[in-house]
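A.B. asks: The primary structure of each chain is shown beneath.
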Amino acid sequence: MDKLIEQSLTALLAREGLEPKEGDLQQFEKIIELYMSTLKTLHSVNLGAEELAPVFHPERTAK
Amino acid sequence: MAALDKPLHYLTIHEAQKLIQSRALSPVELARAVLERIQAVDGKLHAYIHLMAESALAEARVAEAEVIRGDWRGPMHGIPVAVKDQLDVEGAAARIRQFTKGVGDATAVRRLRDAGAVMMGKLAMSSMPDEPPPPRNPWNLEHVTGGSSTGSGAAVSAGLCLGSLGEDTAGSIRNPSAFCGIAGLKATYGRVSRYGLAPLSWSLDHCGPMARVVEDTAHMLQAIAGHDPKDPTSSTAPAADYASALREDVRGIVIGVPRAYIEECAPRTDPIVLKLVENAIAELKSLGARVEEVKVPTLSLGTIANAVIYYNEFWAAHKSSAAWVLKHGAAQRRARIYLGLLTGSADYIQAQRVRSRLREEFAEVFRTVDCLALPCQAGPAPRFTDMGPIDTLFKHVVAEYHGPFNLTGLPTLSVPCGFSENNLPIALQLVGKPFDEPTIVRAGYTYQQRAGWHVKRPPI
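One line per chain: the protein sequences are A and B, in this order. If you count by our numbering, then the first sequence holds residues 1 to 63, one letter each, in order. If you count by our numbering, then the second sequence holds residues 1001 to 1460, one letter each, in order.
It is possible that some hints are incorrect.
[Said to hold, decoys possible] Below, a list of computed lysine-lysine pairs in the DSSO-like style, where the Cα atoms sit at most 27 Å apart:
id, chain 1, residue 1, chain 2, residue 2
1, B, K1285, B, K1456
2, B, K1433, B, K1395
3, A, K21, B, K1456
4, A, K30, B, K1319
5, B, K1395, A, K40
Keep in mind the hints are simulated off the structure, nothing from the lab.
One chain only, chain B, in its complex shape (with noise of 0.2 Å):
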């Protein structure tokens, strides 16, 4: 294989597809290097909590026999992935499902290990039962990698996997991916089955691919987009070539920028990702995007909306447990139980209620602009000593960058925009119209790759 310019674990998922199609890198020998950094570094990380290694190795070699003989499954194909323990895996119980029974593979899981990808095991996810060690912050271990796909954050952005299945019910694809520097897509609902996703709130929960760069979150949610029967809320529309997006040109794309609803989060936004994000909007506008205001009247409600129904949504998904989860679960799940217990109906139903309300001006502004940017996170990841238990539910509370788009189902993309004073990454997020990921990849993927942030590595 000729020279890399860097280590075999910090190959892109679209570098390393390349090289193995091409039969200048073995899978297995990918593999090894992604097991061999788990050994140097996850004792620091935390991010895995079922490593499986072994049956990773047996997957890279079948992986490898198949290009050998020209049976080259696509992008995915010997690409090493880990998922949130969220999600169903065969052969790995889910530490987050007590009381209900798994799936086997969860229909995502099974349509990457369909695409050739090699599974490596299952990341840890915050407010876990018995509250393992929480996953660090490669960029700074002192710091949080966000939640609730924590693991998932850590363990990409440190080169532990190539790429990584999450969930966001309310940020927790978008959150995780800011705070390590790297890129999480939140497809729209209905997008990507949900089928072998344990459930914290049915008409929030969204699965979605978490990778170093754009590129590869479009390659990701190739393989795992589509109807499923077995998931209800799966929607028919045809999945769209998300690759094809994947050019450097933004040339007619107009981007809404919500200003009010941005101002009226400023108090409790850090001014650095403030900076950082209109940097980054006007980076996009100088290379031929039309930046307009747009104006979202009911936009401050969604954050609270999306709690409400949240809440209320777990409490009856996990009423059967509860008497447990009282006794022995975590200070989140605990909270989230007595919250939406005191949820009423007239209140869930007023939420659903905004929800249509927000979802009538979305569509409304999608008319005149293609995708929305905005900020991603309120500030750089905070320090464990800064974050008090149950710190992410006052997040969920008042009005903020993520609730709304889990409440609308719109797409949204978060890409790294810069990093803080102290070296912490930053990201600006995109939202576009249901069922078009494509002009999100694509803005996102220009930027990026004009911006040049995905190119820096945690000092880890």
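This is chain A alone, in the form it adopts within the complex (with noise of 0.2 Å):
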């Protein structure tokens, strides 16, 4: 796997105390990496500075 992912996957499982399971990471390897360069495709749209996400409402509550 790509070093940098590896270690900050790594370094994100330490934060929150865990730790990937035995061989987890060489039989995910290829997923990960997939996942982490599509990502980079999900921020090349070319979207405008007043393009939101679904937007919050003061008014409305969660009940």
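Hey, can you piece these two chains together into the complex? The hints should help.
C.D. replies: Here is the structure:
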């Protein structure tokens, strides 16, 4: 697996007090690398500065 | 009872309700027939993880007494149903919930019971914690059912219940419906309450019906649709009359086909799927629908945006149990946690912005068309021996046919549209405007009645 991705994942797991199951990083290498590369594609779309995520309405409650 | 041309367990809900209402069929007789069918074939299919035979017969006896005294509750009265493990059912612990408490009956389950349905039990789903034997496809036991409503696909297809509730976060109603040759309806987000549904991803999870024919999904949706104050995402828009959409007529309906997107997915799609879906679209055109090509420029990002939100929300929803999952959980669950952790806040927000853009684009497209038609799967159900433990995750990441409609919450219907050379089902997917389930039910029903694929039975 790409070293930077592996280090990032290991650090994120450690921050949460977790560790990967033995062999998982090797077993899941392809999907993790594919996922990280498609994240770049997600950011490639040209969205305008005012194109928002679904918006917050202060008058609406969760219930 | 007059002689039937099929065994009782293969009655559709639409057929059974007429017999029950006219008292030509007792709900007890029907429940017993389904239990016998389960006894006969579920040892091979592994669809049920919790069979509720005794309580089902008791409920069937109550339904029988009500019908006899003239208190017919509607089309679901006395109908044997079963639900995906992800939905809470009173008296049956959810195996998917190791660390969270259930609520008794999920609202959708409660509504089915209120409509008089007979609860047969809970069905397997993929990536369960203790990995019981995976359900097998009734059309060929060597092949998968599709997931994650795996047990629902197998059980409905093989006559182990007449209808089931599934859950769909990235195709989990439509994929097993397509692979198992049944109809699956993922209604608009907010149309069906998610209260009592163990969450995978709060903003993508949809609960919905899976049944042998389109008309049965309409009857089931009628029973479960509507506002639920216990679910903050539940819509207050009134439910439509879905049964009234069951007419064989698509004249005047304009069907949009996102050809550029289908072509983009074509290298990863089996040619038989493309051929059969094109045939189905041509059939709808010959029946009077107008077919137009539509362009949805951001559609190719819909799958990955769906995956990013899915995994990030999955991580948030399962953070407290992550240590256990990483030690004992199924491979798919472990992988979702790693991917969720690797998803940054900027990625999540970008996915939400893509979601907004895509909703705008669909709104524009739906100004000129009434529904969309496209494939519902990349290929026929694969063999178990050709599937790795996390193959589904690759489907979640590369542009395909399900995720964009979880992302946008649009209603979609999976309808059988033929068979591969090795006799495995293929499906057409119809996508509607928000809360316009009646149009896709009408188009799907019309196609089904003309094409006739729904009368074929699996060889089991």
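A.B. asks: Each hint should be assessed against the structure and marked as holding or not.
C.D. replies: For each hint, the structure was consulted:
Among the hinted pairs, B:K1285 with B:K1456 is consistent with the structure: their alpha-carbon atoms are about 24 Å apart, no more than 27 Å. At roughly 25 Å between alpha-carbon atoms, B:K1433 and B:K1395 fall within 27 Å of each other, so this suggested pair holds. With a C-alpha separation of about 45 Å, the suggested pair A:K21 and B:K1456 falls outside the 27 Å cut-off, and the hint is violated. Taken as a hint, the A:K30 and B:K1319 pair is honoured in the structure, with Cα atoms around 24 Å apart against an allowance of 27 Å.
Between B:K1395 and A:K40 the alpha-carbon distance is near 18 Å, which keeps this suggested pair within the 27 Å criterion.
In summary, the one numbered hint that this structure violates is 3.
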